[in-house]
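2 protein chains.
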Amino acid sequence: MAVAGFEIPALLPVKGCQLGATFADIKGVKPAKVVRDDVVVLRFAPGSSVAGVFTKNAFCAAPVTLCREYLGGAVEAFVINAGNANACTGDQGLSHAKQTCQAAADIAGVKPHQIMPFSTGVIGEPLPVSRLTTALPKAWETLSEDNWLRAARGIMTTDTRPKGVSKTLIIDGKTVTITGISKGAGMIKPNMATMLGYVVTDATIAQPLLQSILSRAADKSFNRITVDGDTSTNDSCMLVATGGSGCAEIASEDDANYPVIAQAITEVLMQLAHAIVADAEGATKFVAINVQQGETSKESLRVAYAVAHSPLVKTALFACDPNWGRIVAAIGYAGVQGLDASKVNVFLGDVQIVANGARAASYTEEAGQKVMDQDRITITIELARGSAEETVWTSDFSHEYVTINAEYRS
Amino acid sequence: MAVAGFEIPALLPVKGCQLGATFADIKGVKPAKVVRDDVVVLRFAPGSSVAGVFTKNAFCAAPVTLCREYLGGAVEAFVINAGNANACTGDQGLSHAKQTCQAAADIAGVKPHQIMPFSTGVIGEPLPVSRLTTALPKAWETLSEDNWLRAARGIMTTDTRPKGVSKTLIIDGKTVTITGISKGAGMIKPNMATMLGYVVTDATIAQPLLQSILSRAADKSFNRITVDGDTSTNDSCMLVATGGSGCAEIASEDDANYPVIAQAITEVLMQLAHAIVADAEGATKFVAINVQQGETSKESLRVAYAVAHSPLVKTALFACDPNWGRIVAAIGYAGVQGLDASKVNVFLGDVQIVANGARAASYTEEAGQKVMDQDRITITIELARGSAEETVWTSDFSHEYVTINAEYRS
Numbered sequence: 001m002a003v004a005g006f007e008i009p010a011l012l013p014v015k016g017c018q019l020g021a022t023f024a025d026i027k028g029v030k031p032a033k034v035v036r037d038d039v040v041v042l043r044f045a046p047g048s049s050v051a052g053v054f055t056k057n058a059f060c061a062a063p064v065t066l067c068r069e070y071l072g073g074a075v076e077a078f079v080i081n082a083g084n085a086n087a088c089t090g091d092q093g094l095s096h097a098k099q100t101c102q103a104a105a106d107i108a109g110v111k112p113h114q115i116m117p118f119s120t121g122v123i124g125e126p127l128p129v130s131r132l133t134t135a136l137p138k139a140w141e142t143l144s145e146d147n148w149l150r151a152a153r154g155i156m157t158t159d160t161r162p163k164g165v166s167k168t169l170i171i172d173g174k175t176v177t178i179t180g181i182s183k184g185a186g187m188i189k190p191n192m193a194t195m196l197g198y199v200v201t202d203a204t205i206a207q208p209l210l211q212s213i214l215s216r217a218a219d220k221s222f223n224r225i226t227v228d229g230d231t232s233t234n235d236s237c238m239l240v241a242t243g244g245s246g247c248a249e250i251a252s253e254d255d256a257n258y259p260v261i262a263q264a265i266t267e268v269l270m271q272l273a274h275a276i277v278a279d280a281e282g283a284t285k286f287v288a289i290n291v292q293q294g295e296t297s298k299e300s301l302r303v304a305y306a307v308a309h310s311p312l313v314k315t316a317l318f319a320c321d322p323n324w325g326r327i328v329a330a331i332g333y334a335g336v337q338g339l340d341a342s343k344v345n346v347f348l349g350d351v352q353i354v355a356n357g358a359r360a361a362s363y364t365e366e367a368g369q370k371v372m373d374q375d376r377i378t379i380t381i382e383l384a385r386g387s388a389e390e391t392v393w394t395s396d397f398s399h400e401y402v403t404i405n406a407e408y409r410s
Numbered sequence: 001m002a003v004a005g006f007e008i009p010a011l012l013p014v015k016g017c018q019l020g021a022t023f024a025d026i027k028g029v030k031p032a033k034v035v036r037d038d039v040v041v042l043r044f045a046p047g048s049s050v051a052g053v054f055t056k057n058a059f060c061a062a063p064v065t066l067c068r069e070y071l072g073g074a075v076e077a078f079v080i081n082a083g084n085a086n087a088c089t090g091d092q093g094l095s096h097a098k099q100t101c102q103a104a105a106d107i108a109g110v111k112p113h114q115i116m117p118f119s120t121g122v123i124g125e126p127l128p129v130s131r132l133t134t135a136l137p138k139a140w141e142t143l144s145e146d147n148w149l150r151a152a153r154g155i156m157t158t159d160t161r162p163k164g165v166s167k168t169l170i171i172d173g174k175t176v177t178i179t180g181i182s183k184g185a186g187m188i189k190p191n192m193a194t195m196l197g198y199v200v201t202d203a204t205i206a207q208p209l210l211q212s213i214l215s216r217a218a219d220k221s222f223n224r225i226t227v228d229g230d231t232s233t234n235d236s237c238m239l240v241a242t243g244g245s246g247c248a249e250i251a252s253e254d255d256a257n258y259p260v261i262a263q264a265i266t267e268v269l270m271q272l273a274h275a276i277v278a279d280a281e282g283a284t285k286f287v288a289i290n291v292q293q294g295e296t297s298k299e300s301l302r303v304a305y306a307v308a309h310s311p312l313v314k315t316a317l318f319a320c321d322p323n324w325g326r327i328v329a330a331i332g333y334a335g336v337q338g339l340d341a342s343k344v345n346v347f348l349g350d351v352q353i354v355a356n357g358a359r360a361a362s363y364t365e366e367a368g369q370k371v372m373d374q375d376r377i378t379i380t381i382e383l384a385r386g387s388a389e390e391t392v393w394t395s396d397f398s399h400e401y402v403t404i405n406a407e408y409r410s
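Chains as they are written, first to last, in my numbering: chain Z, 1 to 410; chain S, 1 to 410.
Isolated chain Z (complex conformation) (with noise of 0.2 Å):
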């Protein structure tokens, strides 16, 4: 199950940048039910830049740590890996992932620091490294600047399609194109919970400007995103600047293009994200909570996330109910200091459902119930505070959530 309406489009090539993906049987099915790509590599350019953003759970994956150690230098390859995590696996996780680079470094003919790992799975099993490393070759045959959509299939976990989106633009005259693909189905919350995105141009952006697009796209984009309010050991998030288009570089934010792919970015970063709550586990709605007037951005976040996060919520998006008090509980129990709950507005879509704190007057079971029918929903709340406005974007919670959580491991 899915939200319909966020398919992926036809994905653009992007000067500078290669996609090869192989089956090398990760998880270890046997027989191997489905042959599959589970192994991915991406190959930029010499010279190209490369920012990441990570996930902050205490418990990060081996891959997660080597490429923190990674980034900033020369890196010219992405290799990853669905269908085991190489989580919790301490020194021998490390040397898996080590291995992975050293494996892919021998290919590429770069050092093993230039190759940054990823995995994406089951946590706590040890990574097989041998089978991954025997594929790298294969995959490393199939590279090609037309491979996004493989590379986006070839990614996923419990994800029921691949996410991926483009986007162009003119600077300086050249055609820029920007390119991203993204997984996750579940497990997504703030601080990049168990996702993976990938989002490469063409454009030539120098290391620390692209690090700070890169920082506040996520912001607005993976981290205002959640599903089940799990955040996991392995989420990542990277942008790649090739300079293949041949356009000249940015380098502040004082240029006069740096606001233009920017803005741009985040575009693409925003509908990544969004096409991961579409596909969250089991999701059936997609749903924007919007608070406003807040006294403190913070606090507009913890009131959107409370509601988020609800799952008698969830449950009754799932079920098509208005069921509003959910929806008041939730914000009640935000932790909010000194809300005062009798000047609390909420809408449902533009049906005013609270007001002031109790039922709107004006408010009818047949029209909340008419927004509750749609795929899309946005629950709008004034807090009367102040002017500080959030939005985070989430699911509801259904039958098959459960049984696709219950059941992953088997």
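Quick caveat, the hints were computed from the structure, so don't treat them as lab data.
Please note that the accuracy of each hint is not assured.
Same chains, same names: a pair is fine if it fits in one copy or spans any two.
Computed list of lysine to aspartate or glutamate pairs in EDC-like fashion (alpha-carbon distance at most 20 Å, straight line) [what the hints assert, rightly or not]:
hint, residue 1, residue 2
1, K343, D91
2, K56, D340
3, K343, E295
4, K298, E390
5, K220, E253
6, K220, E267
7, K220, E389
All of these numbers come straight from a predicted model, not from anything done at the bench.
Using the hints provided, position chain S relative to the given structure of chain Z.
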């Protein structure tokens, strides 16, 4: 569905407390599907001490507002209705709660502020107050000291079974009885979320001391259980001492009888709280999460709640899947500053699953599975930071949880 082994035992009468119940069709089902008591009255001997703790939700319900106001006065009766929460009902809701008190006061021959009202059920619908007040005389006619089980049943909403416990002890050569009942089956969490608890003893205890006993006992029981992380607008837990046993008044912590009665009351509250978890919506597991070696109680609690609230852990529990990676991920994002993941240990029952942040060498899937197959599971987490220990109790997320919460209003 409910975890076995928590069935209600025989409940002992408490001198000075009479209970009555009747059906008032508060929910307004037409035609009423099941004629089940939904109005309950507790009547106390004049001079009883009454203590209470209430929800911290900013949207507290009208009856909670009145209870807070009346606390400390000469309260002589409780009127409880199921089927409608009278929450987020604005001035009309407050007026309905006051009408309820007035009607009960007229019957009992006392003042309205000597009656405390309680409501549980759907939020935001007007309380059908005339059906309630019309039914009150009938409830009064049934008043009897032997009516505890009927009262326990009358306060149920989505509960699958009534909850109660009795305990006796000897004070000054006299037998003292403590009997309590509770309700709540979902939306349960710290700060008394969506539950009602009524504990009555025939000991004689001064009100300020009674309040202090209740606050501490609630903190170790009702404030340490969580099902879905939502706190309700109506949660209330009341403790009444009627003095009916004729034993000497206990008025200070220096009284030799204080620790004895305080301990017994705490045990009653813990049993009532655990019964709520074991009957949580769709629960198949009763899970204790014990966090040891925290630097502070606060951080131990944070970790315990992060694990207890993780939908991924909860669905794994339902699936009897020893997916310790999900437990570790939840510990990692609990927000403990400077947590050294490489020192953390985790046990499932007696089986060590994580040693120093990675899978324990001795761990086998079979051993983990054996623990997960049990109805009652303890997860022990050692943080290696200090000596603060906290335990919270929770349940799993099943298909039935989604079904119940998606269909509660229909």
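Tested hints:
For a Cα distance limit of 20 Å, the shortest separation of K343 from D91 across copies, 13 Å, qualifies, whereas the shortest one inside one copy, 55 Å, does not. In this assembly of identical chains, the alpha carbons of K56 and D340 lie at most 20 Å apart only when taken from different copies (13 Å versus 33 Å within one copy). For a Cα distance limit of 20 Å, the shortest separation of K343 from E295 inside one copy, 14 Å, qualifies, whereas the shortest one across copies, 40 Å, does not. For the homomeric pair K298 and E390, the shortest alpha-carbon distance inside one copy (9 Å) is at most 20 Å, but the shortest distance between copies (28 Å) is not.
Taking the closest pair of Cα atoms, K220 and E253 come within 20 Å of each other only inside a single copy of the chain (18 Å); across copies the shortest separation is 54 Å, beyond that limit. For the homomeric pair K220 and E267, the shortest alpha-carbon distance inside one copy (9 Å) is at most 20 Å, but the shortest distance between copies (48 Å) is not. For the identical chains of this complex, K220 and E389 are intra-copy neighbours only, at 12 Å inside a copy versus 37 Å across copies, given an alpha-carbon limit of 20 Å.
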